[in-house]
Amino acid sequence: MQFLVNGLIAGSTYALIAISFALIYFPTRFFHFAHGAVFAWGAYFGYISVVMLKMPLWVALPLAVGMTAMLGAGLEVGIYRPLRRRRATGLVLLLASLGLYVVLQNLISLLFGDETKSLRAGEIVEGIALFGSRITPIQLWIIFASFASFASVWAILKFTKFGKSLRAVASDPELALVHGVDSDRVILGAFTLGSGLAGLAAILVALDVDMTPTMGLNALMMGVVAMIVGGVGSVHGILIGGLLLGLAQHLGVWKIGSEWQDAIAFAILLMFVLFRPHGIMGRPTRKTVV
Amino acid sequence: MSQIILECRSLTKAFDGIRAVDNVWLAVERQQIVAIIGPNGAGKTTLFNLCTGFLRPDSGFIRFKGQDITRFAPNQITLLGIARTFQDLRLIRQMTVLENVLLAIPHQAGEGFWGAIAGRRSAREERTNHKQAMEWLKFVGLENKVSDLAGALSYGQQKLLGLACCLATGAEVLMLDEPVAGVEPATNDRILDYLRHLPSLGKTVVFIEHNLSAVQTVANSVVVMDEGKVIAEGSWEQVSQKARVLEAYLA
Amino acid sequence: MDYLLHILILIGIYLIAAASLNFVAGYTGLLSVAHAAFYGVGAYIAALMALKLGAPFWLSLPCATAMAAMLAAVVAIPALRVHDDYFVIATFCLQVIATSVMNNWIDVTGGPLGLPGIPHPTLFGVSLSAHWQMALLVWAIAGLSLWLLHRLVSAPFGRVLKAIREDEVFTRSLGKNVVKYKVLAFVIGAAFAAVSGSLYAVYMTYIDPTSFTVHESIFMLAIVIVGGAGNLWGSVAGAAVLVALPELLRFVGLPSAIAANVRQMLYGASLVGMMLWRPQGLLGKYRLD
Chain L
1 MQFLVNGLIA GSTYALIAIS FALIYFPTRF FHFAHGAVFA WGAYFGYISV
51 VMLKMPLWVA LPLAVGMTAM LGAGLEVGIY RPLRRRRATG LVLLLASLGL
101 YVVLQNLISL LFGDETKSLR AGEIVEGIAL FGSRITPIQL WIIFASFASF
151 ASVWAILKFT KFGKSLRAVA SDPELALVHG VDSDRVILGA FTLGSGLAGL
201 AAILVALDVD MTPTMGLNAL MMGVVAMIVG GVGSVHGILI GGLLLGLAQH
251 LGVWKIGSEW QDAIAFAILL MFVLFRPHGI MGRPTRKTVV
Chain P
1 MSQIILECRS LTKAFDGIRA VDNVWLAVER QQIVAIIGPN GAGKTTLFNL
51 CTGFLRPDSG FIRFKGQDIT RFAPNQITLL GIARTFQDLR LIRQMTVLEN
101 VLLAIPHQAG EGFWGAIAGR RSAREERTNH KQAMEWLKFV GLENKVSDLA
151 GALSYGQQKL LGLACCLATG AEVLMLDEPV AGVEPATNDR ILDYLRHLPS
201 LGKTVVFIEH NLSAVQTVAN SVVVMDEGKV IAEGSWEQVS QKARVLEAYL
251 A
Chain R
1 MDYLLHILIL IGIYLIAAAS LNFVAGYTGL LSVAHAAFYG VGAYIAALMA
51 LKLGAPFWLS LPCATAMAAM LAAVVAIPAL RVHDDYFVIA TFCLQVIATS
101 VMNNWIDVTG GPLGLPGIPH PTLFGVSLSA HWQMALLVWA IAGLSLWLLH
151 RLVSAPFGRV LKAIREDEVF TRSLGKNVVK YKVLAFVIGA AFAAVSGSLY
201 AVYMTYIDPT SFTVHESIFM LAIVIVGGAG NLWGSVAGAA VLVALPELLR
251 FVGLPSAIAA NVRQMLYGAS LVGMMLWRPQ GLLGKYRLD
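Chains as they are written, first to last, in the working numbering: chain L, 1 to 290; chain P, 1 to 251; chain R, 1 to 289.
Derived by calculation from the structure, the hints in this document are not laboratory data. Some hints here could point you the wrong way.
[Unchecked claim] Example chain L residues on the side facing chain R (calculated, C-beta under 8 Å, incomplete):
no. : residue
1   : Pro82
2   : Leu83
3   : Leu91
4   : Val92
5   : Val103
6   : Trp260
7   : Phe266
8   : Ala267
9   : Leu270
[Said to hold, decoys possible] Straight-line distance between alpha carbons at most 25 Å, and here's what the computed DMTMM-like set of lysine to aspartate or glutamate pairs gives:
no. : chain 1 : residue 1 : chain 2 : residue 2
10  : R       : Lys180    : P       : Asp68
11  : L       : Lys161    : L       : Asp184
12  : P       : Lys138    : P       : Glu126
13  : P       : Lys145    : P       : Asp88
14  : R       : Lys180    : P       : Glu125
15  : L       : Lys255    : L       : Asp208
16  : P       : Lys131    : P       : Asp193
17  : R       : Lys180    : P       : Glu99
18  : P       : Lys145    : R       : Asp107
19  : L       : Lys117    : L       : Asp262
20  : L       : Lys255    : R       : Asp107
21  : P       : Lys145    : R       : Glu166
22  : L       : Lys161    : L       : Asp172
23  : R       : Lys180    : P       : Asp193
Model, not experiment: these values are computed from the prediction. Cβ atoms here follow ideal geometry from the backbone N, Cα and C, with glycine treated the same way.
Isolated chain L, as found in the complex:
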């Protein structure tokens, strides 16, 4: 039973990371690998605010989220946009983002050290008993924040001008241009929103299980798994993908042991990539041949 709860918590986290990544991948169609580092920086911005500047959490959280959003936006304006101006291929952008990941992650190690850091005020909180398993308040917050974020993103995409522009750019950038959509601004908005959500996810994760400089890589890949499993174009698909991934992974952990949890997640992804790349909810994209 505990594994169900753990799976739900993990799944909500993965889903949140996944949607933060998908918001960026959707209109740009390249693998913004550095998102993993932006995620990690979110947690460390939180560390700066809470531990170093001693701000209360209700102030620190939005501040850190805002700074993470700005970091992501900065990467777009400073690196990716100039590359796109030069008509860089997806490969070039991917390689640049790999390099950016390495720089940003090592910067964390350099500035904060590699040891695990904690955002928590003090004692380990005993979980609330619920249906025969334990769940802590922060874990409840994770689930809540994840669902709330999904609802917000869904609403933004469906009802706001920004959301519609984003969908337009995602499906057909040239057509969107014809209709007067400024794709640069839309992409900047996507980076800002996506990075902010990543920051939120990171702080919540850090509050739950502490943080290390390399936390972002794993988180990113879990998010990618969730995104692919759920189906790239579908918001609720990504939510379902994240939850399924969390549950499947923790089922595996329960049966096989926790040291294999990464391998399990990636084996799941591998199966999807090889046999069902459009995910559970997505529709098979017709492989254009000629």
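Fit chains P and R to the known structure of chain L by using the hints.
Chains P and R alone, transformed into the frame defined by chain L:
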């Protein structure tokens, strides 16, 4: 030896419920020049893709020299003897004109792992292939552009290069998707001239075109397609009545 | 002097890995972040054969290479059916799974504690434990590897690979079995990665999973890109630059923990910088854009 070198029977292919190719029957005789015409979306390129293995039909079959090739992969079909060009003019732009043609030559020892490492036989073969490639390049009049990058050629010259590559594969049937579209008049005439010449080299040509005067001057046989179906076939005179009707689409 | 030789040995080891990754990614266009996985397989097989079977290096090297090649063949065949973007992700999965196995299959790999005490190779009864001896061995093997790869890329075989990178559909239409070539390229790449890994194991005499992570794969990719994709000599230059230059940091007096991070930041930055200003790398002729 049968006169029919390539035939399709009841060929059907649908995408999302729409039949791009609808129960097509086609019989191409040896050393003919067959033109396939019709409005955009008629299914002409889909038909090409089916015959050359880039798409699998939902039903029906394709026979080449009596052999069923319906489920064969594109590279197998090329090696058996059907080569093609593409509507969007595919070439290796970052390689030279000569390298593109050399690439097209089949059964090279140097293309295998051991052949590449061992080298001596491969080097000899490469020299022979070099000469052969030059022959084809001379045929299409590109012998002076041998060391130029394919990407640096003009559009018309690239089409000529595409033709040379097809010929270099040694295939008996050449399926050309819009061989003269978008090409300036002088090159247009050159290409048509070469096409006319091909049956005397033992080649059979099937081509898609919107340029009806090209069709008229070169094709022995015309197949008209619309909405996935063959709606007429025969000589240009027989078919041109119906073609007039379709011309409205072809502007 | 020994320190200089140490750098040269590392450059030699990395250039084999980089040149073979260049073969896969630069020439054939198969972007793989699993190269360090095969590098690791080579290292572990060579180490285990020496430690558990007492096998001499001239035997463990080909065995390690063969095993990596077989593993690559098994994963390549399904992985190469999928679209390019997904292929990268598939290789990422492989890499992480491989590292996970190295960490968790403790009975065989020693887990996070790794395998210590790997013997140096012996030649005619002489143990190659001196730096200059290892340097000669590594560079002899590196030279042979480069020669083999060079033969492959200069032959019509290489021409097909480059064509596949540019336009798979066109290449297929010219009668080439594209899947076969991609699998071959991937397997050859993995084999040489294993050679590199085996040399690493018998030089360092100790290996653990931290040397064979996705970060290492990215580092190798950086060498390929910085040196110039599509040019084997670029990988030599890239290896020299990315292995040697950061070592200069030692002389600047940075404490070693910080130096490690700064070194990584430098190669990350060089990757970004290359994309911004010189996508073809130092020696590349093939522009990535």
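Quiz prompt | Structure versus earlier hints, numbers of those that do not hold, lowest first | solution = 18 and 23
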